[in-house]
Each structure stands twice: as C-alpha cells, then as structure tokens.
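Colleague: Okay, here's what each chain looks like letter by letter:
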Amino acid sequence: DVKVTQSSRYLVKRTGEKVFLECVQDMDHENMFWYRQDPGLGLRLIYFSYDVKMKEKGDIPEGYSVSREKKERFSLILESASTNQTSMYLCASSFDPAGTGVMLRLFFGSGTQLSVL
Amino acid sequence: DAKTTQPPSMDCAEGRAANLPCNHSTISGNEYVYWYRQIHSQGPQYIIHGLKNNETNEMASLIITEDRKSSTLILPHATLRDTAVYYCIVRVRSNTGKLIFGQGTTLQVKP
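So the protein sequences, as listed, match chains L and R. Heads up: the first sequence runs through residues 1 to 117, numbered per the working numbering. Heads up: the second sequence runs through residues 1001 to 1111, numbered per the working numbering.
If you're looking for bench data, these hints aren't it; they were derived computationally from the structure. Hints should not be assumed to be uniformly reliable.
[What the hints assert, rightly or not] Taking lysine-lysine and the BS3-like style, the derived pairs with C-alpha atoms no more than 30 Å apart in a straight line are:
1) Lys55(L) / Lys1003(R)
2) Lys71(L) / Lys18(L)
3) Lys57(L) / Lys1003(R)
Please construct the entire structure, taking both the sequences and the accompanying hints into account.
Modeller: Next comes the structure, spelled out in structure tokens:
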C-alpha cells in the first residue's frame, strides 16, 4: 500500500514563528501536493510539485512556500505563521504510470492539524 | 472543471446498499468523474473513477448515465466503517492536483 506520512498529527505554534510541515511518500511518486481544509471551504490547493526542485502555485499560495529537494519528501513552510493559517493541512501524492502526464488518483496523508496562537 | 451537486446528507442501514447520487449536468466530453471519501480525522481516500462506462472495483460501483449528466456511487453492502463524507469530482485528467472537493455527502450508516 502507498504510504503518505505527515510528520505531525497536531501542532501548536505562535504567531510569527516559522513553521515546517513535512510529508514523505514511499512509492516513488512524481507528483506531490499540499492542501488545506477548512470547515465550509473544502480542500484548497496551496502548492504542488511534479518533480524534484519543481513547484507550482495552487489556488492559495500566499503566506506559504515549499521545498522538494528529494523525490520522496515535500515540505510546506509557513514563513511567519498567522492565526488565519490555523487549519488542517493535507499532503498528497500521485503517479503517472505510463509517463503520459495523466494523473490517475491522489493518495493522501492523515493530515496535520495546525493551531496558530 | 464542471460543477457537481450532491445531497448534503444520507442515511443507510448496515448491510444494505448505499446509493449516493451526483449531478454534473455541465460535464464535457473529456471530463472524468472521480469519487473520494473522507472518514473523520483522516485524509481523503480515492474510491473509483470513470468516463462513460460503468465501473466496479473492490470498494464500489460507479454508474454513469448515458448522457453523463449524473452518476451514482454504489456501496453494495454498507458497514459502519463506511460512515464518511463522500465527494464527487468532475475534472479533466491531467497531471495537476487541482481537485475541487466541494461539500460532499455525509453518509451515516446505522446499525
């Protein structure tokens, strides 16, 4: 089974802190994604990466950055955490078995519930 | 991507089939229908997807109408563990992760 592991289940940080959320997948997937989930707003895409050192902005990239130095690891960085970044953060990965650039399905981690005080 | 409409909630008796409808009347010819579910406090889980033919896997069946304007996800023998929020998503197959999850249907399976 594909495993997408997020480093923390719950995290509490203070306003202004730099926060790192880590995600590791064990199936050699090319594509990795960061979403946030808020009540009433559903899942929103923050950033995604389709290769090492490559990244693309999603719908809500402001206040976030990402790093993908190795294929299996995708990090989400909150440069200066704010209270409106309190949310559930979900990492996902997907693969392209035929090399056609077609994403078949996403595999999600269990999420990190971040509270910024 | 086409918009989807799902009922906000449904109940199902344990052991019975759960039929979850989804309306996607603006779907275009190259858009696929995907179903995911999210059990409380977990990340979403892929269930099934299809283009125009009915599909079945170990988790569920997907029935797509001939005009492709609606579909139904069928869980043949619902268990308490199937209680979750079910999301119907319509999108073009691509290598981006821009899935728009919407509000979904909360399925409550009752003993």
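Colleague: Now look at each hint and say whether the structure bears it out.
Modeller: Cross-check of the supplied hints:
1. Using a Cα cut-off of 30 Å, the hinted pair lysine 55(L) and lysine 1003(R) holds, with the two alpha carbons roughly 27 Å apart.
2. Restraint check for lysine 71(L) and lysine 18(L): satisfied, since their Cα atoms lie roughly 23 Å apart, inside the 30 Å limit.
3. Our distance criterion of 30 Å between C-alpha atoms is met by lysine 57(L) and lysine 1003(R), whose separation comes to about 22 Å.
This entry satisfies every hint, going by the numbered hints stated previously.
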